[in-house]
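**Student:** Now for the letters of each chain:
2 protein chains.
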Amino acid sequence: MTFRAPVHDLALALKVVGHPELLAKAFPDLDDATVDAVLAGAAAFADNELAPLNRQGDLRGATYANGAVTAPPGFAAAYNAFAEQGWNSLAADQAHGGQGLSKALELAVFEMVQAANMAFGLCPMLTQAAIEALHRHGTERQKRLVLPKLVSGEWTGAMCLTEPQAGSDLAALASIARPDGKGGYLLSGQKIFITWGDHDAAENIAHLVIARTPDAPPGVKGISLFLTNKFQVKDDGTLGPRNSFRPVSIEHKLGIHGSPTCVMLYEDAEAELVGELGQGLPHMFVMMNAARLHVGVQGVAIAERAFQQALAFSQERKQGRALWDKEGAIWGHPDVRRTLVLSKAKIEAARAICLLTGVLADQTHDPAAKARQELLTPIAKAWSTDVGVEVASAGLQVHGGMGFIEETGAAQHYRDARILPIYEGTNGIQSLDLVGRKVRLDGGAAMRALCADMQVTIQELNANPELAGVGSRLDAGAAALERATEWLLQVSADASLAAATPYLRLAGDVIGGWLLGRQALAGAGSDDPWLRSKATLAQVYASQVLTLACGLAEGLPEALDHLATVDPAALSR
Amino acid sequence: MTFRAPVHDLALALKVVGHPELLAKAFPDLDDATVDAVLAGAAAFADNELAPLNRQGDLRGATYANGAVTAPPGFAAAYNAFAEQGWNSLAADQAHGGQGLSKALELAVFEMVQAANMAFGLCPMLTQAAIEALHRHGTERQKRLVLPKLVSGEWTGAMCLTEPQAGSDLAALASIARPDGKGGYLLSGQKIFITWGDHDAAENIAHLVIARTPDAPPGVKGISLFLTNKFQVKDDGTLGPRNSFRPVSIEHKLGIHGSPTCVMLYEDAEAELVGELGQGLPHMFVMMNAARLHVGVQGVAIAERAFQQALAFSQERKQGRALWDKEGAIWGHPDVRRTLVLSKAKIEAARAICLLTGVLADQTHDPAAKARQELLTPIAKAWSTDVGVEVASAGLQVHGGMGFIEETGAAQHYRDARILPIYEGTNGIQSLDLVGRKVRLDGGAAMRALCADMQVTIQELNANPELAGVGSRLDAGAAALERATEWLLQVSADASLAAATPYLRLAGDVIGGWLLGRQALAGAGSDDPWLRSKATLAQVYASQVLTLACGLAEGLPEALDHLATVDPAALSR
Numbered sequence: 001m002t003f004r005a006p007v008h009d010l011a012l013a014l015k016v017v018g019h020p021e022l023l024a025k026a027f028p029d030l031d032d033a034t035v036d037a038v039l040a041g042a043a044a045f046a047d048n049e050l051a052p053l054n055r056q057g058d059l060r061g062a063t064y065a066n067g068a069v070t071a072p073p074g075f076a077a078a079y080n081a082f083a084e085q086g087w088n089s090l091a092a093d094q095a096h097g098g099q100g101l102s103k104a105l106e107l108a109v110f111e112m113v114q115a116a117n118m119a120f121g122l123c124p125m126l127t128q129a130a131i132e133a134l135h136r137h138g139t140e141r142q143k144r145l146v147l148p149k150l151v152s153g154e155w156t157g158a159m160c161l162t163e164p165q166a167g168s169d170l171a172a173l174a175s176i177a178r179p180d181g182k183g184g185y186l187l188s189g190q191k192i193f194i195t196w197g198d199h200d201a202a203e204n205i206a207h208l209v210i211a212r213t214p215d216a217p218p219g220v221k222g223i224s225l226f227l228t229n230k231f232q233v234k235d236d237g238t239l240g241p242r243n244s245f246r247p248v249s250i251e252h253k254l255g256i257h258g259s260p261t262c263v264m265l266y267e268d269a270e271a272e273l274v275g276e277l278g279q280g281l282p283h284m285f286v287m288m289n290a291a292r293l294h295v296g297v298q299g300v301a302i303a304e305r306a307f308q309q310a311l312a313f314s315q316e317r318k319q320g321r322a323l324w325d326k327e328g329a330i331w332g333h334p335d336v337r338r339t340l341v342l343s344k345a346k347i348e349a350a351r352a353i354c355l356l357t358g359v360l361a362d363q364t365h366d367p368a369a370k371a372r373q374e375l376l377t378p379i380a381k382a383w384s385t386d387v388g389v390e391v392a393s394a395g396l397q398v399h400g401g402m403g404f405i406e407e408t409g410a411a412q413h414y415r416d417a418r419i420l421p422i423y424e425g426t427n428g429i430q431s432l433d434l435v436g437r438k439v440r441l442d443g444g445a446a447m448r449a450l451c452a453d454m455q456v457t458i459q460e461l462n463a464n465p466e467l468a469g470v471g472s473r474l475d476a477g478a479a480a481l482e483r484a485t486e487w488l489l490q491v492s493a494d495a496s497l498a499a500a501t502p503y504l505r506l507a508g509d510v511i512g513g514w515l516l517g518r519q520a521l522a523g524a525g526s527d528d529p530w531l532r533s534k535a536t537l538a539q540v541y542a543s544q545v546l547t548l549a550c551g552l553a554e555g556l557p558e559a560l561d562h563l564a565t566v567d568p569a570a571l572s573r
Numbered sequence: 001m002t003f004r005a006p007v008h009d010l011a012l013a014l015k016v017v018g019h020p021e022l023l024a025k026a027f028p029d030l031d032d033a034t035v036d037a038v039l040a041g042a043a044a045f046a047d048n049e050l051a052p053l054n055r056q057g058d059l060r061g062a063t064y065a066n067g068a069v070t071a072p073p074g075f076a077a078a079y080n081a082f083a084e085q086g087w088n089s090l091a092a093d094q095a096h097g098g099q100g101l102s103k104a105l106e107l108a109v110f111e112m113v114q115a116a117n118m119a120f121g122l123c124p125m126l127t128q129a130a131i132e133a134l135h136r137h138g139t140e141r142q143k144r145l146v147l148p149k150l151v152s153g154e155w156t157g158a159m160c161l162t163e164p165q166a167g168s169d170l171a172a173l174a175s176i177a178r179p180d181g182k183g184g185y186l187l188s189g190q191k192i193f194i195t196w197g198d199h200d201a202a203e204n205i206a207h208l209v210i211a212r213t214p215d216a217p218p219g220v221k222g223i224s225l226f227l228t229n230k231f232q233v234k235d236d237g238t239l240g241p242r243n244s245f246r247p248v249s250i251e252h253k254l255g256i257h258g259s260p261t262c263v264m265l266y267e268d269a270e271a272e273l274v275g276e277l278g279q280g281l282p283h284m285f286v287m288m289n290a291a292r293l294h295v296g297v298q299g300v301a302i303a304e305r306a307f308q309q310a311l312a313f314s315q316e317r318k319q320g321r322a323l324w325d326k327e328g329a330i331w332g333h334p335d336v337r338r339t340l341v342l343s344k345a346k347i348e349a350a351r352a353i354c355l356l357t358g359v360l361a362d363q364t365h366d367p368a369a370k371a372r373q374e375l376l377t378p379i380a381k382a383w384s385t386d387v388g389v390e391v392a393s394a395g396l397q398v399h400g401g402m403g404f405i406e407e408t409g410a411a412q413h414y415r416d417a418r419i420l421p422i423y424e425g426t427n428g429i430q431s432l433d434l435v436g437r438k439v440r441l442d443g444g445a446a447m448r449a450l451c452a453d454m455q456v457t458i459q460e461l462n463a464n465p466e467l468a469g470v471g472s473r474l475d476a477g478a479a480a481l482e483r484a485t486e487w488l489l490q491v492s493a494d495a496s497l498a499a500a501t502p503y504l505r506l507a508g509d510v511i512g513g514w515l516l517g518r519q520a521l522a523g524a525g526s527d528d529p530w531l532r533s534k535a536t537l538a539q540v541y542a543s544q545v546l547t548l549a550c551g552l553a554e555g556l557p558e559a560l561d562h563l564a565t566v567d568p569a570a571l572s573r
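Going down the list, the protein sequences come from chains A and B.
Heads up, the first sequence is in UniProt numbering, so the first residue is 1 and it goes up one at a time.
Heads up, the second sequence is in UniProt numbering, so the first residue is 1 and it goes up one at a time.
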């Protein structure tokens with residue numbers, strides 16, 4: 001099964017759904033022709049260079065031997081081509097060798113990369129996070145000697161947070177960085193789940209590691225961020241000796257076999273402070289927020305890939321008499337078609353949420369945009385990755401028995417997708433972030449503003465005879481989201497906790513419906529079947545997803561009461 | 001992680017939810033003590049003999065070499081112990097060596113077997129289906145020489161339907177059985193996806209195969225059912241020469257690695273007709289209906305196993321400050337607890353649906369019971385297996401990053417569970433069966449009768465102050481199901497097709513809520529925390545699942561209109 005990057009859908013989402021006026025404001029020189037050219041170039045690379053390596057990456061996987069990791073066959077060459085063609089440096093600052101383009105455009109490019117080969121895409125994705133952290137908080141030396149190498153892609157980045165006892169709770173971490181008496185630090189400890197923590201595809205790897213300093217206070221305030229490089233970096237930028245850290249094993253995982261997940265051991269590794277002492281977690285959140293949005297895009301990507309494969313299969317596979325296909329292609333069976341069209345609608349809703357968040361991230365001087373970006377980030381991450389798992393599963397199902405056979409390839413997407421709701425903050429953590437920091441902390445201002453903006457779209461939909469049904473369902477959905485938001489603002493922090501996951505789902509369902517509505521309006525009245533199909537996607541989504549919003553809002557307030565006193569022994573007697 | 005069979009939950013479901021008066025009617029001698037003793041014995045076998053083999057079965061898998069399949073290490077010995085202890089013969093007719101017990105009790109036993117080791121459980125599950133077919137349609141010779149060997153478990157059975165071009169559409173099959181001139185047939189063709197089609201755990205394997213006869217009409221009416229044995233059976237019951245069929249490969253699958261999925265080649269294999277010529281599909285449906293209910297039970301089973309593992313992990317794993325646990329066990333985090341309690345509620349709803357269907361299957365002379373059994377069978381299969389996938393995924397999620405590591409074991413459940421919505425008729429096929437044959441064909445009588453019975457429970461719930469909230473939500477859910485049913489009965493067959501899957505989900509959601517309500521009533525006022533927890537499960541389910549019923553019913557009627565004209569090219573431009 002070949003993959004074909006959805007350049008037209010991406011361009012439409014960027015230009016129409018993602019607030020074109022905002023994109024134009026941040027990047028006045030970014031015309032449609034440039035956007036199209038960048039997307040087309042990236043699509044060619046994704047389709048031709050990365051997608052063909054995906055299955056081999058799964059079968060062969062990254063390997064570990066003698067303290068070193070080897071990337072799967074073909075990955076190192078593809079990575080070097082990726083960097084040489086400039087795909088790593090699209091949105092980085094021109095001062096550090098980047099191309100200074102829109103983050104939203106970069107996200108669109110990365111969606112194609114992740115769809116073509118998610119295990120591969122993780123490597124530059126984490127480099128992007130490291131670029132973001134050094135750009136914001138790096139020292140002058142780090143910006144001069146390390147950042148340009150990460151921007152060019154000659155070196156890659158790794159994000160080193162988790163320890164066995166410290167996953168979602170980073171306050172529990174134990175790695176320690178002792179001052180070396182020369183202005184630097186000696187870093188010791190063990191980190192787990194370090195994606196692309198070691199490999200042979202680039203000449204150096206910059207590790208951004210959180211650790212404690214010896215005299216630091218306990219808890220999160222004692223945590224600082226450090227940079228330590230696989231090969232030390234001399235003052236002239238050339239590489240010095242190997243630093244004293246190494247991978248000690250890689251994990252045997254359910255999916256993304258092509259991406260090495262390392263256990264890293266640091267033994268007095270030479271390290272430098274990044275940013276301020278004790279500010280490790282806030283600095284790391286800079287990386288994590290960028291990474292969270294990228295993970296949301298991975299959800300869209302794996303869903304798109306799984307969908308394309310299932311759609312192609314549904315047109316080839318013939319079984320029985322199909323209502324809508326004389327030759328019996330299963331695409332002609334209403335139940336199969338419903339599955340596929342609903343999958344596509346959810347993909348486009350998730351893509352729109354992610355790209356809108358990216359466009360907002362481009363508005364660096366607009367506080368309202370920043371507030372909305374922060375509001376949408378946990379939704380982009382969690383809702384889109386849930387869609388990734390759901391659509392990968394639906395795609396497998398469309399294949400029938402063949403879907404369960406590994407050779408078919410549908411199962412790989414189902415396995416690969418499953419990491420997405422977990423890493424970069426589980427989806428449960430995202431929902432707590434949404435409810436606590438993004439809704440309750442600002443008194444609901446950002447969410448209320450978003451719901452108010454939906455009214456504009458609702459009125460436009462209502463005025464269009466073909467789309468009025470979508471308008472009324474979106475109206476009911478937005479009202480449910482508003483009710484749930486007001487409830488959240490009135491209750492105690494404790495009461496909000498148990499409602500967090502269904503609240504995030506409700507928010508994603510409604511916001512996704514809003515953006516599909518905008519897209520449908522852009523296609524209304526067009527002669528182009530592709531543009532017209534955007535109305536169908538919004539209609540199917542409205543009837544199958546937005547109809548559930550009222551019930552979701554109704555059920556929210558009760559969760560806590562019933563749960564508080566459950567005895568676990570009573571559940572497994 | 002050890003597994004502990006949920007004997008108390010199973011006994012409660014059998015005695016309370018599954019209409020105890022019906023069970024007593026069919027089996028007057030089956031007292032509670034017998035039920036408890038059978039469940040306890042099976043639980044010990046499942047926990048101690050089968051569960052420990054589950055991981056090895058996944059890692060090592062069944063293997064194929066030189067035209068023969070070898071079961072994973074330990075499976076053959078476990079199978080022999082299973083048969084010797086009588087677990088294979090619980091519900092079979094005493095005339096054929098069975099114990100003549102309730103099918104519902106047998107299902108409860110099989111749930112424990114499937115939870116302990118689903119790859120193993122598939123083998124006796126298919127033997128049960130073969131027993132059912134020969135019991136109903138076998139010749140006198142087949143009943144004398146083959147059936148007792150299947151009942152005792154000395155031989156196993158295989159169900160041979162699918163061919164590469166004939167999956168959901170069995171009318172397309174091409175295997176052929178030519179009369180041999182001596183009253184028998186010579187069977188030739190290739191069958192795929194034959195579960196336990198060959199192995200070394202029993203001395204003989206009875207294949208029930210559908211095929212055409214040379215002069216048969218095209219389509220389903222030309223299909224007959226045949227029995228062909230791996231080793232031919234002489235008139236004195238001893239084994240003759242090897243028959244001319246063999247496995248040519250086994251599949252490399254996403255999960256259930258311990259269960260060999262064979263490609264079988266039949267080359268003029270000696271075969272006997274089962275039942276009547278041209279009645280192959282109706283006869284096969286006897287096997288398939290029994291198997292479909294068993295697959296629903298597999299959904300409950302894999303969910304129970306995944307849930308137990310996640311619940312245990314949630315009590316051991318400590319992260320951060322937990323609202324409900326001083327030491328930070330993640331079970332004390334409301335979002336995690338919500339996930340687990342909702343999982344358990346769905347498991348118990350699915351278990352109740354399956355066991356109720358089993359109890360109804362025991363009422364062999366009651367037409368109303370038979371109609372309800374037939375109505376519930378596609379729901380038991382599809383809804384319970386969707387729960388299986390969902391809960392296995394939720395269980396993996398509770399483990400965080402560890403869930404994605406294969407050593408943890410949660411990923412195996414996620415992989416194993418994924419076959420369940422596919423085999424024995426995909427869940428899409430189940431929904432078409434429900435809508436077409438089970439609801440529309442009888443003018444909605446069986447579904448209306450079921451909804452009427454719910455009113456009794458609703459009134460009992462409403463009369464109980466603690467459970468009145470469940471009663472009102474169930475009332476709204478039942479009304480939504482009734483509305484959806486009336487809509488289904490009014491529209492064309494075509495219009496019903498696109499609504500089939502959401503209708504089945506709605507029906508399962510509401511019927512599951514009904515049975516949880518019955519269970520909650522049985523526990524109301526009890527001093528026993530386990531029995532009281534049944535109220536909590538019903539309350540959480542009502543607030544998180546039944547609240548969606550109205551929206552599901554509202555969205556049903558629209559699916560077809562929007563889907564009919566979708567151009568697949570517009571979805572992948």
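No wet-lab data here; the hints were simulated from the structure.
Every residue gets a Cβ at the ideal spot worked out from N, C-alpha and C, and that includes glycine.
Hints are not guaranteed to be accurate.
As the list claims (entries may be wrong) - Facing chain B, a subset of chain A residues (Cβ under 8 Å, in silico):
hint, residue
1, His-8
2, Pro-334
3, Val-336
4, Ala-479
5, Arg-483
6, Trp-487
7, Val-491
8, Asp-527
9, Cys-550
**Student:** All the hints need checking, so say for each whether the structure fits it.
**Tutor:** Against the structure, the hints:
1. His-8: Since the shortest Cβ distance to chain B is 5 Å, the answer is holds.
2. Pro-334: It holds, given that the least Cβ distance between A:Pro-334 and chain B is near 4 Å, below 8 Å.
3. Val-336: At about 7 Å, which falls below the 8 Å cut-off, the nearest Cβ of chain B leaves the hint on A:Val-336 intact, so it holds.
4. Ala-479: 14 Å, violated
5. Arg-483: 13 Å, violated
6. Trp-487: 13 Å, violated
7. Val-491: 12 Å, violated
8. Asp-527: For A:Asp-527, the interface hint is violated, since the closest Cβ of chain B sits about 12 Å away, which is over 8 Å.
9. Cys-550: Constraint on A:Cys-550 satisfied, holds at 6 Å.
Checked against the numbered hints above, the structure breaks hints 4, 5, 6, 7 and 8 and satisfies the rest.
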